[in-house]
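Colleague: The hints should help you fit chain B onto chain A, whose structure is shown.
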Amino acid sequence: MPRDLADVLHYFLPEFDGERETGIGREVQLGGVEARSLAILGIPIGERDVVRAALAWNLAIETARLGAATLMIAPASDAGSPLWPEPGMGPLGTELVLCPATDLESLYLAATELAKSHANDTKMGGIVFVRIPPPWLAVGRTKANPIRWLLLLTSANRRDLHEAYDLAKTLSGADPAVELGVTIHGVSSISEARAAFEYLSRISEEQLGLVLSSYGLLVDDLDVYRAIAAQRPIGLAHPQAPATHALMDVARLLHEDARSRACD
Amino acid sequence: MTDLEWEGLPERLSLRRAIRHRLRRFDPTIRVIAEGFLAEASAIDLLAVGGEGEIISIRIGRSGDDGALLTRCLADLHWLQPRSVDFLKLAPRLGLEPSAEPRAMLCCPEFAAETRAAVETLPARSIELATYRCLRQQGQLSVLLETTSPSRPQAVERAAAPPLRPSDGLRQAPPRRSGFRTGLSDADLNIAFEEEKILD
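Which chain is which? The protein sequence lines are A and B, in order. Under numbering that gives the first Met the number 0, the residues of the first sequence are numbered 0 to 263, in order. Under numbering that gives the first Met the number 0, the residues of the second sequence are numbered 0 to 199, in order.
Don't take each hint at face value.
[What the hints assert, rightly or not] If the Cβ cut is set under 8 Å, some of the chain A residues that face chain B in the computed set are:
no.: 1; residue: R193
no.: 2; residue: S212
no.: 3; residue: S259
Honestly, the hints are just simulated from the structure, not real lab data. From the three backbone atoms N, C-alpha and C, an ideal C-beta is built for every residue, glycine too.
Chain A on its own, in the form it takes in the complex (with noise of 0.2 Å):
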């Protein structure tokens, strides 16, 4: 399904062929912009946090079905548990990859690999997910977060947003040119996640200075929970599901951002 007006609208109006002179600086063709590198994106998932590694893994998958590569990436330490599926590609070529990196950096470095070395795989950009662990992310156990953009997944309850504020106030106090998203999760309405995301979005602007990207909604629904017990790709095995919907949205969100981190 295209998600983007840059996908479908070629279809309806003249399309430039390349970079041409203009007068006022250079147009450059409708669409996808080739690059040198996949953007990154960390998302800190816990050791038995089973949900939030199902839901980042579908969101890889959805962001595959965009048209985008997609990578997830995670330590080796997670080999055999109950977080992901078998390394290797997956759905829709998005593939999942273990490396025996024991800390941030070396995380970093793996990923950085991966997203110059699957590039230009696709001309729609891509995605690296990477999978931290929290405890990487604490007050001295790195010089600095090399990852500059990250995706935090909280509910809509008042613990997990102080949680998430929390771990946004170590995040922007580690590094201040951080971007954070946050995408709010198991919730049944829109006004449920909006309200949320406004709470959290409030108290991180007014009390540390900084701004929250939001990145969507997505609901607590039953085939959800099939779907992660089964370990089958939401959008695969409930394509009409509410969670679906919320998925691809979400994705869709994601990978407009990516596009604009391409790497130089």
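Modeller: Only chain B this time, still in chain A's reference frame:
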């Protein structure tokens, strides 16, 4: 911050990418939906959807481009208005609101006094001027984006809002412009539930 240094103007594609990136902090409600989008006779650098579902033409220029780009922004507003409905049909999940007036944002390193004066005669927010400066941080190109429009509503709202503590409740937050993004509607979240109920 010894690894931060000012940068000359990069090539156009990198500049556009850096500005697209920076827009998320500049205005979190803006979502870029297309690049190099052909309008009446020239390509809009970034086509975006604003927080109220309005379509936004974002033009990026270099020093001295502002006068010509202002003309193009005005032409974009004229060209985009009747097409919002078509865009909604083509991409219904982008959160477009066809009744919202299109607006434009013009990004240049600086603006001539005539350009600023011309924009002031237009309805508020129809064209926003933003200056940019490029810098390189840890090898990564970045831009500083600053609006020159004093009546930017978001800035006014933030300045007027009282501080809030983490211990404050959800309902105590005063109304403010939301940065929450989704292309979903309540119908997207209910269709399957309704189908299940029917099947049950």
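Colleague: Now look at each hint and say whether the structure bears it out.
Modeller: A quick look at each hint next to the structure:
About 5 Å separates the beta-carbon of R193/A from the nearest beta-carbon of chain B, less than 8 Å, and the hint is met. About 5 Å separates the beta-carbon of S212/A from the nearest beta-carbon of chain B, less than 8 Å, and the hint is met. Checking S259/A against chain B by beta carbon gives a least distance of about 4 Å; that is within 8 Å, so the hint holds.
When held up to the earlier numbered hints, the structure conflicts with none and fits them all.
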